[in-house]
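When you get a sec, could you build the whole thing from the sequences and use the hints?
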Amino acid sequence: MKTVIVVGNGMVGYKFCEKFIAASSGDAYKLVVFGEEPRPAYDRVHLSEYFENQDAKALELAPASWYKENGIELITGQRVSDIKKEAKEIHTASGNSYGYDYLVLATGSVPFVPPIPGVEKEGVFVYRTIEDLEDMMAYASQIKAIKPNGKAAILGGGLLGLEAGKAVFDMGLEPHVVEFAPKLMPRQLDTRSSNVLRLKLESMGIQVHLSKATNQILGDTVIEGMEFGEDDQLDVDMLIISAGIRPRDELGKTCGLEMGTRGGIVVNNKMQTSAKDIFAIGEVALYNQMIYGLVAPGYEMADVAVNQILGSQDIIMPENIDMSTKLKLMGVDVASFGTPYMPADKGLSIIFENKTKFLYKRINVSHDGKTLLGGILVGDASDYNILHQMYLNGMALPDNAEELIVGARGEGGSAFGSAMDLPDTAQICSCESVSKGNICSSLLNGESDSLKDIISCTKATTGCGGCKPMVVELVNETLKSMGKEVKDVICEHFEYTRQELYGIIKVKGITSYDVALDKCGKGDGCEVCKPALASIFATIYNDTANKEDVIQDSNDRFLANIQRNGTYSVVPRIPGGEITPDKLIVLGDVAKEYKLYTKITGGQRIDLFGAELNDLPAIWKKLIDAGFESGHAYGKALRTVKSCVGSTWCRYGMDESVSFAIELEERYKGIRSPHKLKGGVSGCIRECAEARGKDFGVIAVEGGWNLYVCGNGGATPKHAQLLAEQIDNETVIKYLDRFLMYYIRTAAPLMRTAAWLEKLEGGIDQLKKVVVEDSLNIAKELETDMQALVDKYECEWRQAVENEEIGKRFKHFVNADDRDDNLVFVPMREQKMPEPWTN
Amino acid sequence: METLFQQYAPVSLEKATVWFKACHERDIPENGGACIKYKDKQIAVYHFKRKQKWYACQNLCPHKMEMVLSRGMIGDSEGIAKVACPMHKKTFSLETGENLNGDLPSIATFPVKLENGFVYIGFSE
Ligand code: SRM
Ligand SMILES: Cc1cc2nc3c(=O)[nH]c(=O)nc-3n(C[C@H](O)[C@H](O)[C@H](O)COP(=O)(O)OP(=O)(O)OC[C@H]3O[C@@H](n4cnc5c(N)ncnc54)[C@H](O)[C@@H]3O)c2cc1C
Ligand code: SF4
Ligand code: FES
Chain L
1 MKTVIVVGNG MVGYKFCEKF IAASSGDAYK LVVFGEEPRP AYDRVHLSEY
51 FENQDAKALE LAPASWYKEN GIELITGQRV SDIKKEAKEI HTASGNSYGY
101 DYLVLATGSV PFVPPIPGVE KEGVFVYRTI EDLEDMMAYA SQIKAIKPNG
151 KAAILGGGLL GLEAGKAVFD MGLEPHVVEF APKLMPRQLD TRSSNVLRLK
201 LESMGIQVHL SKATNQILGD TVIEGMEFGE DDQLDVDMLI ISAGIRPRDE
251 LGKTCGLEMG TRGGIVVNNK MQTSAKDIFA IGEVALYNQM IYGLVAPGYE
301 MADVAVNQIL GSQDIIMPEN IDMSTKLKLM GVDVASFGTP YMPADKGLSI
351 IFENKTKFLY KRINVSHDGK TLLGGILVGD ASDYNILHQM YLNGMALPDN
401 AEELIVGARG EGGSAFGSAM DLPDTAQICS CESVSKGNIC SSLLNGESDS
451 LKDIISCTKA TTGCGGCKPM VVELVNETLK SMGKEVKDVI CEHFEYTRQE
501 LYGIIKVKGI TSYDVALDKC GKGDGCEVCK PALASIFATI YNDTANKEDV
551 IQDSNDRFLA NIQRNGTYSV VPRIPGGEIT PDKLIVLGDV AKEYKLYTKI
601 TGGQRIDLFG AELNDLPAIW KKLIDAGFES GHAYGKALRT VKSCVGSTWC
651 RYGMDESVSF AIELEERYKG IRSPHKLKGG VSGCIRECAE ARGKDFGVIA
701 VEGGWNLYVC GNGGATPKHA QLLAEQIDNE TVIKYLDRFL MYYIRTAAPL
751 MRTAAWLEKL EGGIDQLKKV VVEDSLNIAK ELETDMQALV DKYECEWRQA
801 VENEEIGKRF KHFVNADDRD DNLVFVPMRE QKMPEPWTN
Chain Z
1 METLFQQYAP VSLEKATVWF KACHERDIPE NGGACIKYKD KQIAVYHFKR
51 KQKWYACQNL CPHKMEMVLS RGMIGDSEGI AKVACPMHKK TFSLETGENL
101 NGDLPSIATF PVKLENGFVY IGFSE
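Going line by line, the protein sequences match chains L and Z.
Under the working numbering, the residue at position 740 of the first sequence is numbered 740, and the numbers go up by one with no gaps.
Under the working numbering, the residue at position 43 of the second sequence is numbered 43, and the numbers go up by one with no gaps.
These are computed hints drawn from the structure, not numbers from a lab.
Quick caveat, the model's predicted, so the values are computed rather than measured.
Just so it is clear, CB atoms sit at the ideal spot from N, CA and C, and this is done for glycine as well.
There are no misleading hints in this set.
Quick list of in silico lysine to aspartate or glutamate cross-link-like pairs, EDC-like style, CA-CA up to 16 Å:
id	chain 1	residue 1	chain 2	residue 2
1	Z	LYS64	L	GLU835
2	Z	LYS41	L	ASP817
3	L	LYS346	L	ASP368
If you want the footprint, here are the derived chain Z segments under chain L, 3+ residues with CB under 8 Å:
id	stretch
4	25-38
5	65-71
6	75-88
Dropping the structure here:
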């Protein structure tokens, strides 16, 4: 058995393992992998997402168990310190040595830190690993606690710098991008597109400083600013250096491999170094005098090295490497492909620019107008994939080449049909080398049946993700051509999405489930479509769950949450968590009378558990008489608006968070939605109400409230994102009306706001456009619809208690007054609980 | 627990010897269910109006042995009438008692007939 040692478990090192396992058979080889980082390889390209969810597992390329299952020995947290070429062995920092037959160096690169005086000061960071991001986050939150308007600078306005800019923007600091060159992204953009991007970034509050050479980092031991020249400085509290990368080539240097003059381990087109059994791949490898700082070429290098080692010697690295990129920088599309800008003797350019909309599109075509040589897109890169394919495949250009970027009627539109027009050989996912033919034939021959299948069997879209729209289009179009429907339909009874059904029911004025089933469904319904329709009816007419109780989820039907033994819980509304001593006493009295287990919930209210169905109306009558209302703890509806005590008592409070939380809870109570809704209001940025963990969160700041939306606790926690800043109470309500109504109308059943936003094309920026700028021209309608729901509110427990007919529902037996004799309670501390389940 | 489950054996129309007058037709909601008591048994009764049919089955869900099936939603799966348990949405055929979305034991079903506005359920004891 031969041993292959891989040094470096980063993106490319991992890809090598994956491809090696797929290509080798039997146990002719043993793979041993060393990684210096504490965890298995993760997706660095999406590092910024870690800021949002702090979920390192989500970034993992494969879990540690994957390596084990495939017989790979993975040794993390271990640096390789030396290579003995002649003895064919490596040494680790902890003093062990291992022999190899083949050695693969995939040690990547490190951020380049220019030797500016003061770079060692506290508050200066680089951005490459999860640990870097964690350090940045900890530091940023320290700054924010003492200085809500703190600033952070990024040194370097290239691709990675702008990516880092997004991270600090999300951390809530004011970002400043400082670039030495006179333009942003100097490698990818021309001057005009850089100007458009700059205008766009500045409109979003990101300051851009071009042509600035930083002489010094100011401050004692902690960074306070940057000095560019005499009387030219910028005060900042934090700095992230993103001034390029340097290959981690020290192992090559010390063992005497051939090196580039400016670093990097020289490789030939077989990825072989000057020692024929040592290979180098990824960002440490110098190929064609270049270090390629992108994943796609790295993955291709991994593929070549695997084939060379396993004996397919004719597979080599191509001469020209495609450096096209498409990115979303802080929500702004930026793409460049082929030769992005070039001298006029090589070809001609067609340029479209509209600064009022921050749009720039440029394509370069050959003199004869027949072939596409490259281009740049800023502001709208929706045509990138197709342009890139035309460039790669040398496809013929249409007669009016300008239509490729300006569309037939001017701005925006595009001239081509679909991805289906591409040749089968067109490479759709360059990270994973998946062609159009691979995708379509897998669907046509029945191997796959959905986008999910395609992703799991080809791995397309799992790299940089840029090809996703095209893959989706190919899958949908191919399935369609095979006569298959591709829709998120509700269930076998309704072949519509929730949003479609909402529209149909509203337009046709349908008000009952049976009519809906007869007019637009089939069969007799089920436990999926019944509650979904109940929710739609509630959204359109705001009838309570009492109107058609048999289509409600069981909890809504009995206006209480069913518990482990079939008893129910009682949760009266306690708006904002504020409650008088008298009401507390009533809760205590009722709980004592009916022997209910009592607990303070995680939503700042009181839950009384263990109520029998027969007792619910009497319990609620007492509560209603004392001024309580239903808390809708059982419904897909507004639950609580959590508050902190705010300026009413708190010495830091900037506004009355309790009053506002109560106002919001009173406004939205009773409104049914696709999933439950939760809110929070905090009196200052210390955020004691955890508002950013809620579907909507409001935080008092200097000059008003900041409004955040689409947060989530629960199974997949997400911080809410900023929708608007420093707005007054009326504006918060106005935006919330629009936001909530928009969500309620368009989300799928049981989709919380966070998941909904994730699916919303264009994300938070699109949401801002709809809610704040009213780009769809529906704001008035959303507000009116919401007001109608608010005006129609009725407490459904009051209805149930006052209406004898409804009251009959709450009986365990319809033919006897007996209680459920199957109930067994056991003592729990000083209260009781249902007997534990045994199966 | 097991013994509780064993109390409920399915009864077919032919085997019904006792017709228990359970309740008035009005006591069971249209397209929904309610529970009746027969001796020490709890029986869920459904008025499946869309199918113009009545169904009865044990109220006990075999998943966690709770008396809750009468509070579940009814509907159909490819034409087969079914009930979904309100606890964890396990579904059972109302025709055969079979668990449609898992491999739990079947529930017992009972024949139902209507006379003069009253609902009768057939038992063999
Ligand atoms: C009672 C309570 C636990 C407690 O003793 O504190 C509770 C109890 C239940 N939660 Fe919860 N959750 C309670 C606060 C929370 C919180 C905290 C909060 O609201 O601040 C969260 C995380 C915040 C969030 O939702 O984003 C929470 C996240 C969940 C989730 C996960 C939702 C998600 O999006 O991942 C579920 C499952 C679901 O809804 O599908 C859930 C589901 C449930 C259910 C309904 C499970 C069930 O179907 O029986 C429990 C109902 C118990 C009952 O009968 O009342 N509960 N649950 C809390 C009631 C709060 C209230 O006053 O209404
Ligand atoms: C924030 C960010 C955003 C990016 N965005 C994009 C993008 O949008 N598109 C794109 O194409 N590329 C992007 N990149 C670049 C991309 O991440 C890299 O091209 C890719 O990670 C290179 O892979 P690699 O395996 O060569 O290096 P790395 O992923 O850096 O892996 C090298 C690993 O080797 C380890 N190592 C080094 N020396 C040793 C040793 N002696 N012993 C043991 N282990 C060692 C290191 O600790 C590291 O874990 C981005 C990078 C960053 C940081
Ligand atoms: S966390 Fe789980 S167990 Fe606890 S209350 Fe919520 S749903 Fe029930
Ligand atoms: S108890 Fe019925 S499904 Fe779990």
